[in-house]
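Student: In case you want the letters, here they are:
Number of protein chains: 4
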Amino acid sequence: MKIHNQDIESHNAPRIAKHQRAFQYIRSEVPEVEAVIERLQQFQIAIPSWALGTGGTRFGRFSGKGEPGTLEQKIEDVGLLHALNQSSGAISLHIPWDNVDDATKVKELASSLGLSFDAVNSNTFQDQDAQELSYKFGSLHHVDPAVRKQAVQHNIDVINRGIELGSKSLTVWLADGSSFPGQLNFREAFQNTLSSLQEIYAHLPEDWKLFVEYKAFEPFFYSMTIGDWGQSLLLANKLGPKAYTLVDLGHHLPNANIEQIVSLLLMEGKLGGFHFNDSKYSDDDLTAGSIKPYQLFLIFNELIDGLDHLGWDHATGLGWMIDASHNMKDPLVDLLQSVEAIQIAYAQALLVNRSALKQAQAKNDVVGAQEILQDAFRTDVRPIVAEARLRSGAALQPVRMFNDLEIRKRLIEERGENTVATGL
Amino acid sequence: MKIHNQDIESHNAPRIAKHQRAFQYIRSEVPEVEAVIERLQQFQIAIPSWALGTGGTRFGRFSGKGEPGTLEQKIEDVGLLHALNQSSGAISLHIPWDNVDDATKVKELASSLGLSFDAVNSNTFQDQDAQELSYKFGSLHHVDPAVRKQAVQHNIDVINRGIELGSKSLTVWLADGSSFPGQLNFREAFQNTLSSLQEIYAHLPEDWKLFVEYKAFEPFFYSMTIGDWGQSLLLANKLGPKAYTLVDLGHHLPNANIEQIVSLLLMEGKLGGFHFNDSKYSDDDLTAGSIKPYQLFLIFNELIDGLDHLGWDHATGLGWMIDASHNMKDPLVDLLQSVEAIQIAYAQALLVNRSALKQAQAKNDVVGAQEILQDAFRTDVRPIVAEARLRSGAALQPVRMFNDLEIRKRLIEERGENTVATGL
Amino acid sequence: MKIHNQDIESHNAPRIAKHQRAFQYIRSEVPEVEAVIERLQQFQIAIPSWALGTGGTRFGRFSGKGEPGTLEQKIEDVGLLHALNQSSGAISLHIPWDNVDDATKVKELASSLGLSFDAVNSNTFQDQDAQELSYKFGSLHHVDPAVRKQAVQHNIDVINRGIELGSKSLTVWLADGSSFPGQLNFREAFQNTLSSLQEIYAHLPEDWKLFVEYKAFEPFFYSMTIGDWGQSLLLANKLGPKAYTLVDLGHHLPNANIEQIVSLLLMEGKLGGFHFNDSKYSDDDLTAGSIKPYQLFLIFNELIDGLDHLGWDHATGLGWMIDASHNMKDPLVDLLQSVEAIQIAYAQALLVNRSALKQAQAKNDVVGAQEILQDAFRTDVRPIVAEARLRSGAALQPVRMFNDLEIRKRLIEERGENTVATGL
Amino acid sequence: MKIHNQDIESHNAPRIAKHQRAFQYIRSEVPEVEAVIERLQQFQIAIPSWALGTGGTRFGRFSGKGEPGTLEQKIEDVGLLHALNQSSGAISLHIPWDNVDDATKVKELASSLGLSFDAVNSNTFQDQDAQELSYKFGSLHHVDPAVRKQAVQHNIDVINRGIELGSKSLTVWLADGSSFPGQLNFREAFQNTLSSLQEIYAHLPEDWKLFVEYKAFEPFFYSMTIGDWGQSLLLANKLGPKAYTLVDLGHHLPNANIEQIVSLLLMEGKLGGFHFNDSKYSDDDLTAGSIKPYQLFLIFNELIDGLDHLGWDHATGLGWMIDASHNMKDPLVDLLQSVEAIQIAYAQALLVNRSALKQAQAKNDVVGAQEILQDAFRTDVRPIVAEARLRSGAALQPVRMFNDLEIRKRLIEERGENTVATGL
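Chains as they are written, first to last, in numbering that gives the first Met the number 0: chain E, 0 to 423; chain A, 0 to 423; chain X, 0 to 423; chain H, 0 to 423.
Do not rely on the hints blindly, as some may be mistaken.
Copies of the same chain look alike in the list, so a pair counts if it works inside one copy or between any two.
Stated by the list, open to error - Lysine-lysine pairs mimicking DSS-like chemistry, simulated, CA-CA at most 27 Å apart:
1) K269 - K241
2) K237 - K269
3) K104 - K167
4) K237 - K167
5) K357 - K408
6) K64 - K362
7) K241 - K148
8) K135 - K64
9) K148 - K362
10) K357 - K148
11) K106 - K241
12) K408 - K64
Derived from the structure by calculation, the hints contain no laboratory data.
Can you make the complete structure from the sequences, with help from the hints?
Tutor: As C-alpha cells, this is what we get:
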C-alpha cells in the first residue's frame, strides 16, 4: 500500500484548527520556535530493516501479522513511516538478513519513496546455513585465524553491498565475548579484534565510516570483547580517522551516565552515532523515551552543546538510528512512537537557553543550571514537532493516522497473515 | 549407552591412591569429615529435562550434537549423570516440552536408572501449536479470564501428569509482566495471578507443594508480576501451607543479598527450594559456582543454620534443582560441573564451626566471625566430596570420566548429529 | 525574617498577566483543571528539620551560611517555605537532633506560621554524648538486650515528645545491618528487630502510626536488617494495623520498579508514606524529580490509581515528606525545587485519562496505554501548579521570589555566617 | 610498642609442627610451590596512613581506641603490621592529613622499621582550615582558574614532600563531579582537569609516576569527572609516559568486569596499580577478599598473565596498596586480614597451569579452561602463604598473634583511649 498526499491532507484537515491554536500559543511563549522547526525538518532517523518484524526473547516470540517478507516489503514499510512523519527517510540494512539481489531495483524503489540507505550492518553473531565455520566462540576475536578471516570477508562483502546501495558507513556489532572465566585471554581477544577490524578498515571507501559498537553485557556472557566506550574508543583510535564509536543507549552497565560518554566522544571527535531505544533493566530494546525520557533529553542536550562546539557540519555525518525490538506492539506503530519521542527530546534540548546555562555554570549556580534544563524539558513541545511535520507534508498525528487508515489490516490483506520478517 | 559398575571401577582404580592420600590428609585435619560425607551422600540435585540440550539467546543458538530427542533419551542422559556422580538422582520435567505418553513405561525407565521425578514445571510463557488463546500478554495474570482459565487448566494437567510420575511438587514460573508503563494495572495483575494460583492450588494433592518462582527482570520487560521474594511470599502466604517460594539464584536485581533472603524465607517456613546457577550481569544461567562461589557458600551457610533451627526433616521437602543453560559447553559436562560446585559449597558450609560462630556473633566479634567462615571456605574439600562419591559407587572425577569414556561421541553415534532437544 | 502577604502580592503582580495567559491556554485544552487545582491545594509536603542545613558526605561538608542553629529557627525556615508555596505546611522533627525544651512554645510558633508537626523520627544510628551503650553494632536488632532496651526507650521518648507536639506518627529508620558475612545471624537480627518494634508499638497512641522504613544498602554495609519492602511489610504485618511501610525513593537496589512496590503496598493497605528525593546511583538524596522525573510521575500515577480504589480518605493518613540532602545548593531553594517537582508529577498524574487507560489495559492496547500516560506527562502543567499557589496566597515563582527577596542574605544578617544546623 | 624477633619465635614455636604437616602435604601435591613462595616473599603491599584509624559514614563514626594520633604513631602501626607479616613494608601518606615536619627523622623512623614510602596522595576533596578558596565545586576541574591553580599547587607541594621521603609516585583522586544535570559542562570539566594535571605532571621528577584514579560514583553525585577507566586512560595517554591509571576495586558500576579492565590496562602499558578492598553494593571499602574472593583471584590471574607478557620488571613499578575503611573492626587486624586475602589470591593465581590454560583457550575448551582456574582457586594455599611468612621471619598467624599479644590494649596504654587518627 502507499500513502498519498491527499491521505495526509484528509488526516490533517480536521485537526488543523486545534493544532494552530496550540502552535500559536507556544510560538508566542517561545520566540526561537522557527529555528527549532528548521532543525527538526532536517533531522532524519534511520529505520533498521530488522525492526519491522516482531522480535522475541529466548523464551517466546509472538508473531504479528502482515510482516514484510521481502526486502522490497521492508522498504515499503519504511516508506509508509516516512510518508506519515517525513522523518524516517533512511533505512539501515542487515546482511544477510536482507538479501539484495538487484541493487539498482532496490535503490529505485527506495528512491521513489524518498529513502536513502543508512549504515549497513554485518552479522557474525549467528551462523548462516551456507557458512563454513561457526561463530559459536566469536568472530573477529576468534582464536582461529580461519574464523576471523571468514568474518572479515563477510564484512567486506557487506561493504561492497553497501557501496552498491549508496550507504556510507558500516556498523559492526559483535557478540564476541566469553561465558566463563578462563575461556578467553582478554588481551589476545582484543588484539585479534583489532587486527580483524584493521583488515575491514582497509577495504573501507574513502568517504565511508566504520562504527564500532560496544555492549556491556548479553545474557549468558561473562565478558564482552568490546564491552564499553573505553574499549571501543581504543579500537577506533588505533584504526584511524574513519573509525568511530557507536552508542546504543541500552548497552551499558546499570546507572551509567550515558550523556557524559556522549559528551566525551564528541570532544574526541569520535562519536559515530546512535542506536536509540530505552530500557529498564538491561538491553531491553524498548521504545525510545518510554522509560527515561529525561535521560534522552540530556543526551540531546550534550549533542547540541558538542555540535555547537565542533560545528554542525559534524552532525550530518552522525548515524541516527532506532534499534528497538517490537514484541508487544505493532512494529510500525512502535517506530512512529520512537521517532516522535526522539524528536520531542531534540526539540526540548534545542530550547535550552545555552548562554544562560553557560553563565550559570561559570558561577556554579547549580540551582539556575538545573532550572534552565528543567524549563526546557517541562515545555510541551509537541505542537512544535507537529508543525515541523505539517510543513514537511507529514501527518499531524502519525500514530492516529496509522490506526485510522487501518494500515496493518491492509498490509495483512496484501501480504497474508503468516509472513515473517527476517531478523530478530 | 549405559555406564556400568566396572566402568566406574576402571576409572577409579588408577586414581585411588592419590585420592586416599588427599583424603587422609583432610581427615586428619578436619575431624568432622564423616558427618559431612553422610550429608553429601544423601544430597541429590535434580536435573531439569530442558537443560540437556543446547540453550541459546535471542541472537543465536549453536547446537551441539547427539542431543536427546525424546523424553526417554533425556532420562537416559540423567541416568548417565547419576551413574557418574550418584548425586543427580532426580529429573524435573517441563510440560509440554516433555511429552509423557506412557507414564508407567517412563517411570520404569527412570526407576531402572535410580531416578525419581522431582517437581514438574508448567509452561505458559510460550504459545504451543494446538493452543487456542495466546500468552502474548501473560497467562495467570491476564486481563482476559478465558486466557487465565486456559493457563490454569494447563497447570492442572501438569499436576495430573506429575501424579502419574510420582512427582510431589509443581513449579510455576511466569513470564507475566509488562513492557511499558501503563500497559498493566499492577494491583489487578497481582489479584488475577493470586486467583489463578488459588484455582491451581485447589487441585494440588494433599502431599504436594506449589513452588512460586519469582524473577526480577527479563529482557524487554518493564515489570514482572512476580518480581521479587516479597511478592512471591505474599502469594504463598495467601495461598496456604502447601505454597512456597522458590529461589532461582539468577532472578534478582544487581547486588541483592540472596543469602539473607534465603535465611528469612526459611525463618518463615516458606522456602520451597532452589534453582541453582550463576550469573555475572543478569539471569545468565551459567554453571553453578562459576562466577561467585563465595556467595554459593554463604547461601548454604544460611541453609544449614536455618535447618539446624527448623529441623533437618524440613530439608527433605526442599527442591534442589539446577536451572542453567548450556550454550558453550556440552550440557552433560556442564551439569557435572554444577553438581560438583554445589557439593563443594555444601561441604564447606558443613565445616563451619557453628558454635564458635554463634559465640563470635554474640559478642560482635566481627573479625572472628569472618575468619570462621573464611576458614571453612578456604579449606580444600574436594577430597571429601570425592570420598562421598566413592562410597556411593560413583566416579572420583566425573568430568574426566565423561571425557575419557567419550560419552558424547557414543551418544552421537547412537542418536545422530542433528537431534535437537526440546526446551530452551 | 517573615514573609508578608504584601511581599507575595508584590512578587505576583508583575507576573500575573503572563501567568493568566498560560493558565487560560491550558484550561482551554484540559477541562479537568479545576479538580486538579483542588487536589493540589490540599496537598502538603512535610519538610524534615534535618534538611534545613547543609549536608555532607564522609569526605567533605561544605557549610552554607545563615543556617538555622535552633529548633525555633528551623521552624521559622519552614515557615518561610510555606509562605512562599503554601504547600509545606508541616515539619518533621528528628530527635535528638531537635531539642524540644518547651513544647507549648514550639507549637505556638509553628501554629503562628501555619505549620503542623508531621512524623517524629528517632535516631539510633549515631551515638549521643550522654548515651550509655553504643549503637556501633546496631540498635533494635542488637544481640545485647540492654542495647535494644536503650533503643526502644529512646523511641518511646520520641513518641512522647511527638504527643506533646501533636504528631501522629513515628518513623523508624535503622542503620542496623552488618559489614561482613558471618557478622550477623539474619534470622535472629530480624526477630530482635521485631520484638523491639513490638515494644515500641505497644506505646503507640491509638491514633498514631508506626512507619517502618527500609533501605537496600548503605556504604560499608554487607546486609541491612530491614533491607527491602518485603522485610518491612513482613514486620508491619506482624506488628499490627498501626504499622506501615515507608518508601524512600532512594532506598532500592539498581533498577527497582518502585511504582510497582507502591501499588502493591497500597493494595495491602500498608503504604505508610514517602520520603521523596532522587538519585542517580545509590541513596543520593538529590532534589526530587531532578534525575528521573518520569519515575516520579509513574509513582503518583500508582498512588492515584490506588487511592481511587481504596478511597481518598486513605490519602490523608499518608506521610508525604521530602528527605533530601543539600550539599551544593541553598537548602531552602532546594526544598522549593523539590516541592515544585513533586507537585508537577502529581498534577500530571491527575491528568491521566483513567477510564481510557482502563479500557486500553482491558484490551491489551499497549500503544494506547503508553500514549495516555505520555500525553499527561508531556503536558506542561506548570501553569496549573502556579494557579493552585496563586489561589492559596503563595508566590507564582517561589524560587525566583526567594532570590529576589535575598532571603538567605537576610538570614545571614540575622543569624550570622557560622551557624550550623544539627542533622546530617 | 615494638614486636621483637623472639616474640615472633614464641608465637611460631607451638604452631610449627602443624604448619609443617600442612606444608609438606601441599608441597607434595603442588610441585611449583617454591617459585610461588619466592614471589610471595617479594610481594609488599603498602598500607595507607588514613586506614589506621576508624572510618565512618556520613551518619556515624564509632571511634576505636589507641588510634595513632601522630605520623610517627602511624608509622609505628605499619611497623607492627610489617613485623607480623613481613609483607607490609611500605606506607602511603596523605597530605595534609599527615604532617611531615622533619622528613629526615620520619625517614629514619620508617627505615628502622623496614618501611619505605609508597605513593603520596593529595587531597583536594576537603577544605582545610588555612585554605583560601573552597573545593565545594571541585578542584582540578573547577571553572575558576584560581581554584585550579590552588589545587595544582597543593599537588606540587605533595610531590615535593614525597621527594623528601623517597616516594616515587603521586596518586590523584578527585571528588570532582556534579550533583545535578546542567551543573557542569562535561567537556570543559575534562579539559580543565587535563590542563591541571599537565601542570602537575610538569613538576614530576623523572623517575616518578602519576597515578590517575577513577571512580564511578559517590553518594550525592550525578557525574564524576574521572568516572571510569576509559576517562582515566584518555587522560593518562594525553599526559605522557609517566602517567598511569590506578584501579580501586570499589570504584565501578554494578557488575563491571574489573579483571578485563586490568588486562587491557596492562596491555596498553598503562596500569599504575591498585587500591585493594572489597564491596557488596558500592564503594564499601571492606576488607579485601571478604565479599568476592573469586574476583580477587581473577584479577591476579590477569596480572600474572599480563606480567608474563610484559615482563616482570614491570611489576616492581606497580603500586599495590590497600584502601579500605575500618568501621567495625580494629584497623590493624582488618589490614592483616586484607593482606592475607590478597596473598592467598596471588598464590592461587600463581598456581594456575598457564600452559594448559593457553592450550584450552586455543581450542575453545571452555570446560577445561574453567577447571584449570577452579583447580587453582579451590586449592588451600594457606600453608604456602604461611611458609612464605615463616621464611621471612614473620608470624605464622598474624591475626592470632595480634590478639594474643594484646597489641591494641598495649597501644591504648601507651596512647590513651581518646586519640583519633586523622583521615577518613
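Student: Confirm or reject each hint.
Tutor: Hints and how they fare:
1. When the C-alpha separation of K269 and K241 is checked against a cutoff of 27 Å, the pair qualifies both within a copy, at 9 Å, and between copies, at 25 Å.
2. Proximity of K237 and K269 under a CA criterion of 27 Å is satisfied in both settings, with 12 Å inside one chain copy and 16 Å between copies.
3. Taking the shortest alpha-carbon separations for K104 and K167, only the intra-copy value of 19 Å comes in at or below 27 Å, while the best inter-copy value is 63 Å.
4. For the homomeric pair K237 and K167, the shortest alpha-carbon distance inside one copy (21 Å) is at most 27 Å, but the shortest distance between copies (31 Å) is not.
5. Taking the shortest alpha-carbon separations for K357 and K408, only the inter-copy value of 25 Å comes in at or below 27 Å, while the best intra-copy value is 51 Å.
6. Taking CA atoms no more than 27 Å apart as the test, K64 paired with K362 passes between copies only; the shortest distance there is 18 Å, against 57 Å inside one copy.
7. Proximity of K241 to K148 under the C-alpha cut-off of 27 Å is restricted to the intra-copy arrangement: shortest distance 21 Å within a copy versus 38 Å between copies.
8. Proximity of K135 and K64 under a CA criterion of 27 Å is satisfied inter-copy only: 14 Å between copies versus 32 Å inside one chain copy.
9. With identical chains, the CA atoms of K148 and K362 are at most 27 Å apart between copies only, with a shortest distance of 17 Å across copies and 55 Å within one.
10. When the C-alpha separation of K357 and K148 is checked against a cutoff of 27 Å, the pair qualifies only between copies, where the shortest distance is 21 Å, while the shortest distance within a copy is 50 Å.
11. With identical chains, the CA atoms of K106 and K241 are at most 27 Å apart within one copy only, with a shortest distance of 25 Å there and 54 Å across copies.
12. With identical chains, the CA atoms of K408 and K64 are at most 27 Å apart within one copy only, with a shortest distance of 9 Å there and 43 Å across copies.
The structure is consistent with each of the numbered hints, conforming to all of them.
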